[in-house]
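Asker: Below are the chains, spelled out letter by letter.
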Amino acid sequence: MDEEEYQKMIKRCLRCSICKWIPQVQIKSQKYATACPAIDLYNFHPYSGGGKIILALALEMGRIKPSEELRDIVYKCTECGNCAIACKFLNTLEPLEIIMRLREKLVEAGCGPMPKQKAYTEAVKNVNNPYSEPHENRMDWLPNDIKIDPNAKLLYYIGCTSSYRRKEMAIAAARIMNAAGVAFRILQDEEYCCGSPILRTGEIHTFQEFLNKNVDIIESKGIETVVFSCAGCYDTFKVDYPLYRDYNFKVCHTVEFFNELLEAGELKLTKEIPITATYHDPCHLGRNAERYEQWDGEEVKLIPLISINIPPKPKRTGKAGIYDPPRNILKKIPGLKFIEMERIREYAYCCGAGAGVKSAFPEMALNTAKIRIEEAEDTGADVIVSACPFCSTNLQDGISESGSKLKYYDISELLLMSLGLEPEKLKQALAEVA
Amino acid sequence: MLKKQILEEFQKTVGPENIDDGEVMTNAYAYNWCMELVNCMEEKEPIPFSPIPKAIILPSNVEEVQQIVKLCNKYDIQFKAQSTGLGPWNQPSSENCIILDLRRMNKIVKIDDKNLYAVVEPYVSGAQLQAETMKYDLTVHMPGAGPQVSPLASATSMNGPGFTSPHTGHSARNVLGVEWVLPDGEILRLGSTGLKNNPDWFSGDGPGPSLRGIMRGWAGAKSGIGVFTKVAFKLFPYPCSTKFKLKGISPNYEFDIPDFMKLYVMDCKNYNYLKKVFLAVEREEISFICSHLSGYGLGAIFSNSIESLMDKIPIASTHAPLVIVIAARTRREFEYKQKVMNKIMAEFKLENIIGTKYTPNSLFYAEALRSNLGLHGFIATGGFQSSKGQCDTATVCLNTTKMSIPLKKKYIKKGVIANDFGEGVWMTSYESGHYFHVESPTLFDQTNEKSVNGMAENMNENYQFDLIKHLGAPFFVEGDRMHDKFGPHMMNYHKWLRKIKEAFDPNGIADSGFYISAK
Ligand SMILES: Cc1cc2nc3c(=O)[nH]c(=O)nc-3n(C[C@H](O)[C@H](O)[C@H](O)COP(=O)(O)OP(=O)(O)OC[C@H]3O[C@@H](n4cnc5c(N)ncnc54)[C@H](O)[C@@H]3O)c2cc1C
Ligand code: SF4
Ligand code: SF4
Numbered sequence: 018m019d020e021e022e023y024q025k026m027i028k029r030c031l032r033c034s035i036c037k038w039i040p041q042v043q044i045k046s047q048k049y050a051t052a053c054p055a056i057d058l059y060n061f062h063p064y065s066g067g068g069k070i071i072l073a074l075a076l077e078m079g080r081i082k083p084s085e086e087l088r089d090i091v092y093k094c095t096e097c098g099n100c101a102i103a104c105k106f107l108n109t110l111e112p113l114e115i116i117m118r119l120r121e122k123l124v125e126a127g128c129g130p131m132p133k134q135k136a137y138t139e140a141v142k143n144v145n146n147p148y149s150e151p152h153e154n155r156m157d158w159l160p161n162d163i164k165i166d167p168n169a170k171l172l173y174y175i176g177c178t179s180s181y182r183r184k185e186m187a188i189a190a191a192r193i194m195n196a197a198g199v200a201f202r203i204l205q206d207e208e209y210c211c212g213s214p215i216l217r218t219g220e221i222h223t224f225q226e227f228l229n230k231n232v233d234i235i236e237s238k239g240i241e242t243v244v245f246s247c248a249g250c251y252d253t254f255k256v257d258y259p260l261y262r263d264y265n266f267k268v269c270h271t272v273e274f275f276n277e278l279l280e281a282g283e284l285k286l287t288k289e290i291p292i293t294a295t296y297h298d299p300c301h302l303g304r305n306a307e308r309y310e311q312w313d314g315e316e317v318k319l320i321p322l323i324s325i326n327i328p329p330k331p332k333r334t335g336k337a338g339i340y341d342p343p344r345n346i347l348k349k350i351p352g353l354k355f356i357e358m359e360r361i362r363e364y365a366y367c368c369g370a371g372a373g374v375k376s377a378f379p380e381m382a383l384n385t386a387k388i389r390i391e392e393a394e395d396t397g398a399d400v401i402v403s404a405c406p407f408c409s410t411n412l413q414d415g416i417s418e419s420g421s422k423l424k425y426y427d428i429s430e431l432l433l434m435s436l437g438l439e440p441e442k443l444k445q446a447l448a449e450v451a
Numbered sequence: 043m044l045k046k047q048i049l050e051e052f053q054k055t056v057g058p059e060n061i062d063d064g065e066v067m068t069n070a071y072a073y074n075w076c077m078e079l080v081n082c083m084e085e086k087e088p089i090p091f092s093p094i095p096k097a098i099i100l101p102s103n104v105e106e107v108q109q110i111v112k113l114c115n116k117y118d119i120q121f122k123a124q125s126t127g128l129g130p131w132n133q134p135s136s137e138n139c140i141i142l143d144l145r146r147m148n149k150i151v152k153i154d155d156k157n158l159y160a161v162v163e164p165y166v167s168g169a170q171l172q173a174e175t176m177k178y179d180l181t182v183h184m185p186g187a188g189p190q191v192s193p194l195a196s197a198t199s200m201n202g203p204g205f206t207s208p209h210t211g212h213s214a215r216n217v218l219g220v221e222w223v224l225p226d227g228e229i230l231r232l233g234s235t236g237l238k239n240n241p242d243w244f245s246g247d248g249p250g251p252s253l254r255g256i257m258r259g260w261a262g263a264k265s266g267i268g269v270f271t272k273v274a275f276k277l278f279p280y281p282c283s284t285k286f287k288l289k290g291i292s293p294n295y296e297f298d299i300p301d302f303m304k305l306y307v308m309d310c311k312n313y314n315y316l317k318k319v320f321l322a323v324e325r326e327e328i329s330f331i332c333s334h335l336s337g338y339g340l341g342a343i344f345s346n347s348i349e350s351l352m353d354k355i356p357i358a359s360t361h362a363p364l365v366i367v368i369a370a371r372t373r374r375e376f377e378y379k380q381k382v383m384n385k386i387m388a389e390f391k392l393e394n395i396i397g398t399k400y401t402p403n404s405l406f407y408a409e410a411l412r413s414n415l416g417l418h419g420f421i422a423t424g425g426f427q428s429s430k431g432q433c434d435t436a437t438v439c440l441n442t443t444k445m446s447i448p449l450k451k452k453y454i455k456k457g458v459i460a461n462d463f464g465e466g467v468w469m470t471s472y473e474s475g476h477y478f479h480v481e482s483p484t485l486f487d488q489t490n491e492k493s494v495n496g497m498a499e500n501m502n503e504n505y506q507f508d509l510i511k512h513l514g515a516p517f518f519v520e521g522d523r524m525h526d527k528f529g530p531h532m533m534n535y536h537k538w539l540r541k542i543k544e545a546f547d548p549n550g551i552a553d554s555g556f557y558i559s560a561k
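Residue numbers (the working numbering), protein chains in the order written: chain A, 18 to 451; chain L, 43 to 561.
Bear in mind the hints are in silico, worked out from the structure with no lab data behind them.
Yeah, the Cβ is synthetic: ideal placement off N, Cα and C, and Gly gets one too.
Possibly wrong hints are sitting among the right ones.
[Said to hold, decoys possible] Far from chain L by the CB rule (all over 12 angstroms, computed), these chain A residues:
1) C30
2) P132
3) S149
4) P151
5) D162
6) E226
7) E273
8) K349
9) G397
10) Q413
[Stated by the list, open to error] Derived lysine-lysine pairs resembling PhoX-like cross-links, with alpha carbons at most 20 angstroms apart:
11) A:K336 - L:K287
12) A:K318 - L:K381
13) L:K318 - L:K276
14) L:K177 - A:K48
15) L:K456 - A:K45
16) L:K492 - A:K25
17) A:K28 - L:K492
18) L:K116 - L:K45
19) L:K354 - A:K330
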């Protein structure tokens with residue numbers, strides 16, 4: 018969002034509170050009607066998407082100053098974008114983009130991000146990952162028996178979280194590709210953070226350094242397609258990178274890729290997995306994974322006070338999210354009974370981890386995860402499945418914190434089991450979880 | 043900000059995490075929709091901020107509310123209560139005021155499906171309650187402001203027309219038992235809720251004089267007479283099957299239209315004819331929705347953006363359209379309602395343009411059932427307010443509409459409000475056509491000072507016009523300035539209202555910016 022649009026939009030919030038709820042026509046119960054973890058947990062209006070727009074306006078008007086009070090509210094937000102979906106049901110505001118821009122402004126004013134987020138930005142700068150892990154350990158997840166083709170045109174981009182924290186996801190993805198006979202390569206020690214955690218806290222200059230580094234490396238290797246098992250990396254490459262720089266390779270998420278392999282008969286699911294599973298749409302794979310469409314139209318004044326965009330300006334409403342591929346995969350797993358939660362697809366409730374919340378406000382992340390876990394439990398499922406290492410960590414934390422009997426699996430783990438991978442190998446994969 | 047000792051007392055009541063008197067929070071709560079218009083009408087700077095509240099406090103139950111109100115009395119601080127908080131009516135009129143945001147009071151206390159009422163706390167939204175009542179084949183009245191707002195606020199403190207009013211009534215007429223913290227901190231339980239033996243919520247009146255009129259009257263006291271912490275109101279049969287299935291992605295959902303639901307739009311060409319048709323339809327008690335909208339309004343309820351409104355020019359060019367939705371739970375009921383509609387259309391020689399000239403997206407039906415049509419008013423400029431509004435007979439409502447057209451055109455010509463040919467209107471009926479409400483949604487640009495000033499002038503002139511032409515009391519007769527203007531022309535009602543205020547709020551603690559002060 019450019020400055021001009023920001024200045025226009027921040028004056029137009031109706032304070033209607035629509036953004037606190039999932040689209041009104043989708044509300045199925047009192048319990049699961051809400052959309053925004055921040056307002057759900059902290060209650061005061063400024064925590065909502067619309068509330069943060071008011072803060073942006075008050076800041077521009079000089080009614081409030083950059084302060085810790087302001088910073089804490091602006092950063093207690095997972096940038097899940099559920100507010101934006103709800104607002105755009107009828108309105109035209111972009112609360113998520115306004116929040117992102119407001120964070121940039123706080124960074125420029127020397128007020129943001131949160132101290133913990135500053136620390137991980139430094140870590141990214143120093144060791145290329147936000148976990149402060151040594152760069153040379155990035156490939157530690159890789160078992161010896163995984164086949165890598167150094168000349169392949171397909172790149173598997175693992176991402177920091179799967180490399181260091183959710184190794185089971187990286188292993189499962191790699192084994193599935195091996196099982197399907199797909200030739201793929203990895204960047205080895207040339208893989209760096211995608212920049213998502215720094216972009217989302219408003220540190221756009223550091224973000225651009227990493228963006229350039231990653232695109233340069235990938236393009237220099239003649240790679241045609243990059244596949245991601247991390248929803249955050251995927252979204253950042255797919256949606257955010259093109260806002261700064263074009264690139265010449267295709268991107269896809271493993272759920273799309275594996276779904277295509279299943280459809281093409283390249284993967285055969287043989288083993289029954291007798292579970293009842295529900296699926297959590299990661300925000301970065303669902304509603305937010307929609308590219309900005311180039312709009313070269315113009316705003317035409319029709320009559321005084323009424324202008325229209327010719328052609329109509331595309332609204333990002335979550336329509337290009339990846340919703341069906343993971344569901345198709347789950348429905349194809351023999352023995353698995355699939356059941357939906359109330360808040361799904363473009364209006365799915367966030368897991369609570371994103372945009373620096375997990376590090377700066379761990380209690381907010383955990384409490385949000387507990388809400389989502391309860392929603393999953395209420396379906397009667399015994400397993401919650403997702404497709405993002407960040408959701409994985411946070412939802413598993415939510416499960417242990419709330420003492421839930423629910424089990425968490427990444428979708429690739431279930432796929433792997435259903436491919437009939439020998440138990441020892443599966444154990445090997447699962448052992449990495451610990 | 044509050045003095046430290048006072049802040050501590052409030053903190054003791056609600057817990058420190060539920061009160062905030064910081065610069066950021068209090069400024070954010072000073073903002074609201076149409077506040078720039080209110081400021082302008084009061085000859086203040088036309089910014090969308092009210093006076094900054096001293097603090098925001100989030101009580102969780104009636105006892106905490108009571109304690110807060112008592113502390114306000116003790117320290118001579120005013121309070122303003124808000125439920126879902128949409129609109130300038132929620133804003134403090136002075137800086138000596140705290141806001142009670144009732145968000146944490148969000149329980150559905152009871153759904154009595156046999157006796158057809160629900161009891162709720164302030165922060166239950168219309169959509170939440172409806173989702174739960176649908177499980178009993180019942181529905182709830184919601185104001186045009188939409189399903190995200192509080193039915194408690196509408197039932198106790200605001201006016202309360204809605205799109206489904208022919209079926210679900212009017213907030214003023216639906217309210218039953220009430221739990222009410224008076225401005226001095228006493229708790230009053232109204233109607234059968236206050237009975238000593240077997241108190242229950244089914245009636246708003248007990249033996250003896252009724253206080254419902256004092257509590258809210260026609261338009262509500264907008265927090266000027268205390269805080270309502272629970273309310274019971276009527277529920278209504280859901281008009282058709284409660285199966286509710288949407289496909290696709292927001293906002294382009296496709297809806298499985300229930301079997302027994304049908305939309306009619308008839309162009310009645312002129313107001314006289316419209317009145318006759320309106321009354322004929324309503325007398326039959328068959329409609330779920332029965333509204334007259336201007337051509338623009340008609341286009342808007344079928345559109346989700348200004349650009350998509352442009353395709354609706356053929357229907358937007360109708361002259362006096364009447365929009366009717368019928369819905370039924372059995373085929374027989376549906377056939378009966380259709381027969382009645384056919385008979386009326388034959389009698390008045392009217393055609394249904396739906397299915398011939400225009401077919402709306404299926405989502406329209408979902409929004410109609412879930413009371414989401416009012417917010418479509420925002421799609422053109424993002425800013426609108428009704429420049430006038432009355433509740434009266436069909437004749438008076440249509441007269442006021444007709445007579446206001448030249449006035450509106452004057453402001454359209456100045457370029458300060460958008461051109462709706464002066465006809466922008468929404469009119470709906472209540473209780474089988476016994477009475478009607480009409481309002482003139484007017485589009486302005488809240489970010490353009492000239493437009494805001496012009497809109498404010500337009501509203502003021504409209505009020506004056508209503509007075510001179512005897513067109514009844516507009517909705518927005520709020521605050522001392524307006525009551526003092528209208529009261530002398532209307533049997534000095536303002537003097538009586540002041541006496542009520544004085545009796546209930548001797549210390550003037552409930553903010554009266556949108557009610558009346560004892561003076
Ligand atoms: C698009 C649009 C359409 C609209 N259409 C209609 C319509 O058809 N019919 C209609 O009636 N209104 C309509 N309005 C105005 C609307 O009613 C109010 O904006 C809305 O009801 C406010 O709702 P709320 O539930 O958010 O209540 P709030 O904004 O929370 O409260 C409304 C008023 O009641 C007071 N209040 C709230 N809760 C309490 C309480 N517990 N105790 C004491 N006082 C309290 C507040 O101080 C405020 O003055 C419309 C507004 C918009 C934006
Ligand atoms: S951000 Fe959009 S949905 Fe939220 S209050 Fe503002 S206008 Fe309403
Ligand atoms: S992005 Fe998510 S957490 Fe942040 S305000 Fe919007 S809905 Fe709430």
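Asker: Does the claim that P151 (chain A) lies off the interface hold, with its Cβ farther than 12 angstroms from every Cβ of chain L?
Answerer: Check passes; 40 angstroms lies beyond 12 angstroms.
Asker: Just checking, P132 (chain A) versus chain L, shortest CB gap more than 12 angstroms?
Answerer: 19 angstroms, holds
Asker: For the pair supplied as a hint, K354 (chain L) and K330 (chain A), confirm whether the alpha-carbon distance does not exceed 20 angstroms.
Answerer: 18 angstroms, holds
Asker: Is the hinted pair K336 (chain A) and K287 (chain L) satisfied, with a Cα-Cα distance of at most 20 angstroms?
Answerer: 18 angstroms, holds
Asker: Quick one, are K456 (chain L) and K45 (chain A) close enough, alpha carbons at most 20 angstroms?
Answerer: 46 angstroms, violated
Asker: Check the non-interface label on E226 (chain A): least C-beta distance to chain L beyond 12 angstroms or not.
Answerer: 32 angstroms, holds
Asker: Over 12 angstroms to the closest beta carbon of chain L is the bar; see if Q413 (chain A) clears it.
Answerer: 27 angstroms, holds
Asker: Between K28 (chain A) and K492 (chain L), is the straight-line Cα distance small enough, at 20 angstroms or below?
Answerer: Answer holds: K28 (chain A) to K492 (chain L) is near 15 angstroms, not above 20 angstroms.
Asker: Holds or violated: K116 (chain L) with K45 (chain L), Cα cutoff 20 angstroms?
Answerer: Holds, at roughly 13 angstroms.
Asker: Could you check that no beta carbon of chain L comes within 12 angstroms of the beta carbon of E273 (chain A)?
Answerer: At about 17 angstroms from chain L, E273 (chain A) clears the 12 angstroms cut-off, so the statement holds.
Asker: What's the verdict on K318 (chain A) and K381 (chain L), does the C-alpha distance respect the 20 angstroms limit or exceed it?
Answerer: Since the Cα atoms of K318 (chain A) and K381 (chain L) sit roughly 46 angstroms apart, the hinted pair is violated (cutoff 20 angstroms).
Asker: K318 (chain L) and K276 (chain L): Cα distance at most 20 angstroms?
Answerer: Distance of about 30 angstroms is beyond 20 angstroms: violated.
The structure fails hints 1, 12, 13, 15 (numbered hints given earlier, in ascending order).
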